[in-house]
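Chemist: With chain A fixed as given, assemble chain B onto it according to the hints.
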Amino acid sequence: MSTDRIVGIDLGTTNSLVAFMQGESPVVIPGDDGSNLVPSVVALDSNDQPVVGNAARDSLIETPERAVYSIKRLMGRGIDDIQEELKFFPFRLAEDLQAGEVLRIKLGDKTYTPPEISALILRQLKRNAERFFGAQVTKAVITVPAYFNDAQRQATKDAGRIAGLEVLRLVNEPTAASLAYGLDKKQNGIIAVYDLGGGTFDISVLKLHDGIFEVITTNGDTHLGGDDIDNLLIAIALDDIQGDLGLDLRRNAEAVQAIRKAVIEAKIALSSQPTIKLDVELPGGKRYLREITREQFEHLIQPIIDRTVGPCKQALKDAGLKPEQIDEVVLVGGSTRIPRVRTLVKELFHREPHTDLNPDEVVALGAAVQADILGGGSEATENMLLLDVTPLSLGIEVAGGVTDKIILRNSTIPASATQHYTTQIDGQANVAIHVLQGERELAKDCRSLARFDLKGIPPMAAGMARIEVKFLIDANGILHVSAREQRSGKESEIQVQPSYGLTDEQVEGMILDSFDSAEEDFRQRQVIEARNEAATILAALDKGKKSPAWGHLTTDEKKKIAKMEKALIAVKAEDDYQAIRKAIDDLNQGTTRLAELMMDSAVSTALKGKTMDEADMGEGPTAPHPVAKAEFE
Amino acid sequence: MKPPAVVGRIYSRGCFKAMTNLTAITAKHTPQETRSCWSCGAAGAVHFCEACGKVQRPAPVDYFTFFGLPRKLNLDVAALEKDFYELSRKLHPDLNARAGSEEQEWSLQQSSLLNDAYRTLKDPIKRTQYLLQLEGVELEEQSKSATEQARSTGQLKKQIVPPDLLEEVFELNMQLEELRMQKKMGEDDPALIEEIGRQKLELEEKQEALLSELKNLWQMWDGMIQREQNGQPVSDEERRMQRDKMVDLLNRRNYIRNLVRDVSAVLEN
Numbered sequence: 008m009s010t011d012r013i014v015g016i017d018l019g020t021t022n023s024l025v026a027f028m029q030g031e032s033p034v035v036i037p038g039d040d041g042s043n044l045v046p047s048v049v050a051l052d053s054n055d056q057p058v059v060g061n062a063a064r065d066s067l068i069e070t071p072e073r074a075v076y077s078i079k080r081l082m083g084r085g086i087d088d089i090q091e092e093l094k095f096f097p098f099r100l101a102e103d104l105q106a107g108e109v110l111r112i113k114l115g116d117k118t119y120t121p122p123e124i125s126a127l128i129l130r131q132l133k134r135n136a137e138r139f140f141g142a143q144v145t146k147a148v149i150t151v152p153a154y155f156n157d158a159q160r161q162a163t164k165d166a167g168r169i170a171g172l173e174v175l176r177l178v179n180e181p182t183a184a185s186l187a188y189g190l191d192k193k194q195n196g197i198i199a200v201y202d203l204g205g206g207t208f209d210i211s212v213l214k215l216h217d218g219i220f221e222v223i224t225t226n227g228d229t230h231l232g233g234d235d236i237d238n239l240l241i242a243i244a245l246d247d248i249q250g251d252l253g254l255d256l257r258r259n260a261e262a263v264q265a266i267r268k269a270v271i272e273a274k275i276a277l278s279s280q281p282t283i284k285l286d287v288e289l290p291g292g293k294r295y296l297r298e299i300t301r302e303q304f305e306h307l308i309q310p311i312i313d314r315t316v317g318p319c320k321q322a323l324k325d326a327g328l329k330p331e332q333i334d335e336v337v338l339v340g341g342s343t344r345i346p347r348v349r350t351l352v353k354e355l356f357h358r359e360p361h362t363d364l365n366p367d368e369v370v371a372l373g374a375a376v377q378a379d380i381l382g383g384g385s386e387a388t389e390n391m392l393l394l395d396v397t398p399l400s401l402g403i404e405v406a407g408g409v410t411d412k413i414i415l416r417n418s419t420i421p422a423s424a425t426q427h428y429t430t431q432i433d434g435q436a437n438v439a440i441h442v443l444q445g446e447r448e449l450a451k452d453c454r455s456l457a458r459f460d461l462k463g464i465p466p467m468a469a470g471m472a473r474i475e476v477k478f479l480i481d482a483n484g485i486l487h488v489s490a491r492e493q494r495s496g497k498e499s500e501i502q503v504q505p506s507y508g509l510t511d512e513q514v515e516g517m518i519l520d521s522f523d524s525a526e527e528d529f530r531q532r533q534v535i536e537a538r539n540e541a542a543t544i545l546a547a548l549d550k551g552k553k554s555p556a557w558g559h560l561t562t563d564e565k566k567k568i569a570k571m572e573k574a575l576i577a578v579k580a581e582d583d584y585q586a587i588r589k590a591i592d593d594l595n596q597g598t599t600r601l602a603e604l605m606m607d608s609a610v611s612t613a614l615k616g617k618t619m620d621e622a623d624m625g626e627g628p629t630a631p632h633p634v635a636k637a638e639f640e
Numbered sequence: 004m005k006p007p008a009v010v011g012r013i014y015s016r017g018c019f020k021a022m023t024n025l026t027a028i029t030a031k032h033t034p035q036e037t038r039s040c041w042s043c044g045a046a047g048a049v050h051f052c053e054a055c056g057k058v059q060r061p062a063p064v065d066y067f068t069f070f071g072l073p074r075k076l077n078l079d080v081a082a083l084e085k086d087f088y089e090l091s092r093k094l095h096p097d098l099n100a101r102a103g104s105e106e107q108e109w110s111l112q113q114s115s116l117l118n119d120a121y122r123t124l125k126d127p128i129k130r131t132q133y134l135l136q137l138e139g140v141e142l143e144e145q146s147k148s149a150t151e152q153a154r155s156t157g158q159l160k161k162q163i164v165p166p167d168l169l170e171e172v173f174e175l176n177m178q179l180e181e182l183r184m185q186k187k188m189g190e191d192d193p194a195l196i197e198e199i200g201r202q203k204l205e206l207e208e209k210q211e212a213l214l215s216e217l218k219n220l221w222q223m224w225d226g227m228i229q230r231e232q233n234g235q236p237v238s239d240e241e242r243r244m245q246r247d248k249m250v251d252l253l254n255r256r257n258y259i260r261n262l263v264r265d266v267s268a269v270l271e272n
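From first to last, the protein sequence lines are chains A and B. Just so you know, we're using my numbering here: the first sequence kicks off at 8 and counts up by one. Just so you know, we're using my numbering here: the second sequence kicks off at 4 and counts up by one.
Since the hints were made in silico from the structure, they are not lab data. Watch out, some of these pointers could steer you wrong.
[To be verified] FRET-style restraints, in silico, Cβ to Cβ:
1. Ala212/B / Gln493/A: 40 to 46 angstroms
2. Gly200/B / Glu512/A: 32 to 38 angstroms
3. Gln493/A / Trp41/B: 46 to 52 angstroms
[To be verified] Going by beta-carbon spacing under 8 angstroms, a handful of chain B positions derived as facing chain A:
4. Pro96
5. Leu98
6. Ala100
7. Ser104
8. Ser115
9. Asn118
10. Asp119
11. Ile199
12. Arg201
[To be verified] The calculated lysine-lysine pairs, modelled on DSBU-like cross-linking and capped at a C-alpha distance of 35 angstroms, are:
13. Lys75/B / Lys324/A
14. Lys324/A / Lys57/B
15. Lys85/B / Lys75/B
16. Lys93/B / Lys129/B
17. Lys248/B / Lys477/A
18. Lys284/A / Lys214/A
19. Lys187/B / Lys324/A
20. Lys214/A / Lys93/B
21. Lys218/B / Lys329/A
22. Lys477/A / Lys57/B
23. Lys164/A / Lys113/A
24. Lys570/A / Lys552/A
25. Lys94/A / Lys320/A
Every residue, glycine too, gets a C-beta built ideally from N, C-alpha and C.
Bound conformation, chain A alone:
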């Protein structure tokens, strides 16, 4: 039963959460530090082991070259796409990175692809859930920004697989939020979900109808969020520091992270206070002091939050709706706590937005609701069904570099389309098919999703071939394409391999890698612990030999013990922890009489027959060895 439990995961730019449906209502599962939010930060500890969340956040300031945050910004993207991000984020790319390759980020001396880093975060959430349930968790619903393209979605799915999770569904974040919001309201009407998070912005317009949540339109910007506000404030602070103190700290990663921490705190405080004092300790004992009023802050961030206006207007226009026709507006994402953002939303939709649900948690809660629906539903989710749309049009490049759109944006998914194409040269045997995503007319302005060749078309005059291309967008918003030359029946099934995506083999390899290394880690730890134990018992034996009790043993007993001691010393040098444990047990057993002789009768009775058991139960390598512990320490 519990092994079939499906969790809902919000894999956020800044924070990630895992939730599940507890009876009638979704709840967030806290981590072992008691916190519901797991910061989406990954760092390497001093043993080169990855740590995630609050533990990793500290190393952002102490060892910034061994930590990474906001990795979501790099999901499904290539090196050409991220030049802007590189100006503002301390992402350290692998030096040998080639154009067209999946990005690799350096943490210390190791490199990781963005899906692998996301997988580390997912694995932490998985562990949190497993600790909570006391059972394995293997199935999840993961949320993505509604405006994520195919490559970004695929990368998220890959991350799930690498983390050992079967991703049953990718759900759009604003839609998930509407599920959590609509759960107890069961009302009909049109709602708009305004979702401004750490790194992404989405606007979705939905029609609620007797439990059906039908998305009418969606729009957004996958690179707009609280991060942009932070980066602006950091840039201003760095300018100030250079101007006032003559210090150029742009290359000082520790100082930049200290400033980042301070401006984020200031940003948060300014949502509830009219003014805030920045006070950052700088290298060389100097301090950066500055007062910021809310008015100044609002003036500074206006250009950033104004970028949400265009997508909102477009979403309404595509839906054929006027702001007055929206019944409710729901706010999602931490950045919607900023009063100026709330005012903007109010101006846009002519109404007071809803803020009754925690904007940090509502997406994860909605993911848990969707997980419950996929798992067969419960009383609480009965009759609930989500009908989502594809955020971007899909098309194919045709002669002249023009995009021929074949599934338009805001089409309800799953959606399909079939088109027929022909060849342009006599005897053309291969046809190149270039799949695009985006709204622009020219192929070069759209996102290139995939290129594939339909090969082996029988020789025909130009224009004679009849190539049928089928597009299918599944319920995750992921595209599947197949093509067939109809006159010859030549078929070509294509797995759409995102231009900056991992291949299936690569993902498989990463899954194995993580399992292998988990096993290797476990083995190494066992070896180290067994050796420690061996050292303890050998030391105890040395002491025993010097004690009067030694003289009471028979020569035969002494010989046996010496043989076993030799055996243990020999295997202790090897890497086989099971052999070490066996030798420890043998010696343990062989020295029972010695131990008895050394102890008074009360203790010796207590220990009788116990030594073997305890060593065997493997209670943990740190569990004290009875002989050594009781007698000699």
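Modeler: What follows is chain B alone, placed relative to chain A:
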């Protein structure tokens, strides 16, 4: 050497032609066959089994048939929406996530067919275009991408200018050109902008008028289909005439729509 890209669509239609290749182009409406459920054997299963609720293997049918509708153009959109929601509750992959892999695949196909059909039929223009395609008409879609494509390949795009609009369009194009030039020079002529805005409004009114004209044509078409269903013969001649009237009207409408789009682009720029 990289193989050349596809040259273009064989039929430059909209994006809503997914199922036509699967149906024989026949004028007659054929209700979708019912089968017995693959799982429980109950009779009368179409998209899903009424008895056990299981999704059935999808059949290659046109959109009208999918909803069990005759090929008529007057359509109760509210009833269509109701059917859409009801079928979604049975066919959507989310509600079949625990089924076997083949069933899940059928659910994906059935539900995408449902969504495609609903999207096409609920929209009056798309519905008409789709029906005309079923009737074997190849519509000249005067899309912007078709124009770009024609331009880049050096071909002259066939522009069907409705004769009654010729003079007006010529005048408007001159004014648009003037406004473009002005904008380039950073000048601003409120009178010209106002005049173009007025013409845009007129065009939009014309578009509306064409839509109600189209609805009259629907009546005639549906009447003809009804007669046919009642067993009265309908001549090919009549059928073609009805069809051509709608084609002509759609072309006029497309032309005006593109014009409005161009005007908006210049005004907003």
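Chemist: Work down the list of hints and note, for each, if the structure agrees.
Modeler: Hint by hint, here is what the structure shows:
{"no.": "1", "hint": "Ala212/B / Gln493/A: 40 to 46 angstroms", "in the structure": "holds, 41 angstroms"}
{"no.": "2", "hint": "Gly200/B / Glu512/A: 32 to 38 angstroms", "in the structure": "violated, 59 angstroms"}
{"no.": "3", "hint": "Gln493/A / Trp41/B: 46 to 52 angstroms", "in the structure": "violated, 29 angstroms"}
{"no.": "4", "hint": "Pro96", "in the structure": "holds, 4 angstroms"}
{"no.": "5", "hint": "Leu98", "in the structure": "holds, 7 angstroms"}
{"no.": "6", "hint": "Ala100", "in the structure": "holds, 4 angstroms"}
{"no.": "7", "hint": "Ser104", "in the structure": "violated, 13 angstroms"}
{"no.": "8", "hint": "Ser115", "in the structure": "holds, 4 angstroms"}
{"no.": "9", "hint": "Asn118", "in the structure": "holds, 4 angstroms"}
{"no.": "10", "hint": "Asp119", "in the structure": "holds, 6 angstroms"}
{"no.": "11", "hint": "Ile199", "in the structure": "violated, 21 angstroms"}
{"no.": "12", "hint": "Arg201", "in the structure": "violated, 22 angstroms"}
{"no.": "13", "hint": "Lys75/B / Lys324/A", "in the structure": "holds, 30 angstroms"}
{"no.": "14", "hint": "Lys324/A / Lys57/B", "in the structure": "violated, 38 angstroms"}
{"no.": "15", "hint": "Lys85/B / Lys75/B", "in the structure": "holds, 18 angstroms"}
{"no.": "16", "hint": "Lys93/B / Lys129/B", "in the structure": "holds, 26 angstroms"}
{"no.": "17", "hint": "Lys248/B / Lys477/A", "in the structure": "holds, 32 angstroms"}
{"no.": "18", "hint": "Lys284/A / Lys214/A", "in the structure": "violated, 45 angstroms"}
{"no.": "19", "hint": "Lys187/B / Lys324/A", "in the structure": "holds, 28 angstroms"}
{"no.": "20", "hint": "Lys214/A / Lys93/B", "in the structure": "holds, 19 angstroms"}
{"no.": "21", "hint": "Lys218/B / Lys329/A", "in the structure": "holds, 26 angstroms"}
{"no.": "22", "hint": "Lys477/A / Lys57/B", "in the structure": "holds, 26 angstroms"}
{"no.": "23", "hint": "Lys164/A / Lys113/A", "in the structure": "holds, 22 angstroms"}
{"no.": "24", "hint": "Lys570/A / Lys552/A", "in the structure": "holds, 14 angstroms"}
{"no.": "25", "hint": "Lys94/A / Lys320/A", "in the structure": "holds, 30 angstroms"}
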